[in-house]
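Colleague: Make a model of the complete structure from these sequences and hints.
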Amino acid sequence: TNSQGTASQAQSMGGMMGTMRDYQKRVRLWTADCFGDEVDLDRPTRQAQMLEDALECAQAAGMPFATAQSLLELVYSKPAGDLSAEVGDVMTSFAAFCTAHGADLHDCAEAALTRCVAETDRIREKQNAKPFHKKIKAA
Numbered sequence: 001t002n003s004q005g006t007a008s009q010a011q012s013m014g015g016m017m018g019t020m021r022d023y024q025k026r027v028r029l030w031t032a033d034c035f036g037d038e039v040d041l042d043r044p045t046r047q048a049q050m051l052e053d054a055l056e057c058a059q060a061a062g063m064p065f066a067t068a069q070s071l072l073e074l075v076y077s078k079p080a081g082d083l084s085a086e087v088g089d090v091m092t093s094f095a096a097f098c099t100a101h102g103a104d105l106h107d108c109a110e111a112a113l114t115r116c117v118a119e120t121d122r123i124r125e126k127q128n129a130k131p132f133h134k135k136i137k138a139a
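Using the working numbering, the first residue of the sequence shown is number 1, and each one after it goes up by one.
Simulated from the structure, these hints should not be mistaken for lab results. Hints may contain errors.
Straight-line alpha carbon distances no greater than 16 Å define the calculated EDC-like cross-link-like pairs of lysine to aspartate or glutamate that follow [as the list claims (entries may be wrong)]: (1) K126 to D22; (2) K130 to D53; (3) K126 to D33; (4) K126 to E73; (5) K126 to E52; (6) K130 to E52; (7) K25 to E110; (8) K25 to D40; (9) K126 to E110.
Keep in mind it's a predicted model, so treat the numbers as computed, not measured.
Modeller: In structure tokens, the structure reads:
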């Protein structure tokens, strides 16, 4: 019975992959429209934005600054990992984080994308005014 449960879970997860791929494509369409390819596909900009959002999420959940700073130092004290494996780990950890905090990952993601589309002009202006964004582009 345990293997049947695992097979059933895996089959359900296969259906979720289509949803995640669709979501990633829709986000790509929005970011291209909002920022243009130069910013949308700029890896340092995307890295900084992803980290900023992850830190804001941890802060909103109550993580103290000292804990975040300790984790930053820990991560950068080790060699860089494989990007594909790290992306998978982020998605898995984030799903577990959402469950622990009573947040529906899909609903929150859809609400965020809907808000972003509605506020494209404001977000574009905010991104262009970020001092960090300007430093990244200058580097």
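Colleague: Each of the hints needs a verdict: does it hold here or not?
Modeller: We went through each hint and held it up to the structure:
1. K126 to D22: violated (26 Å)
2. K130 to D53: holds (14 Å)
3. K126 to D33: holds (15 Å)
4. K126 to E73: violated (29 Å)
5. K126 to E52: Given pair K126, E52 holds - Cα atoms ~14 Å apart, limit 16 Å.
6. K130 to E52: Holds, at roughly 12 Å.
7. K25 to E110: The hint holds at about 13 Å.
8. K25 to D40: Distance ~13 Å between K25 and D40 Cα, so the pair holds.
9. K126 to E110: violated (21 Å)
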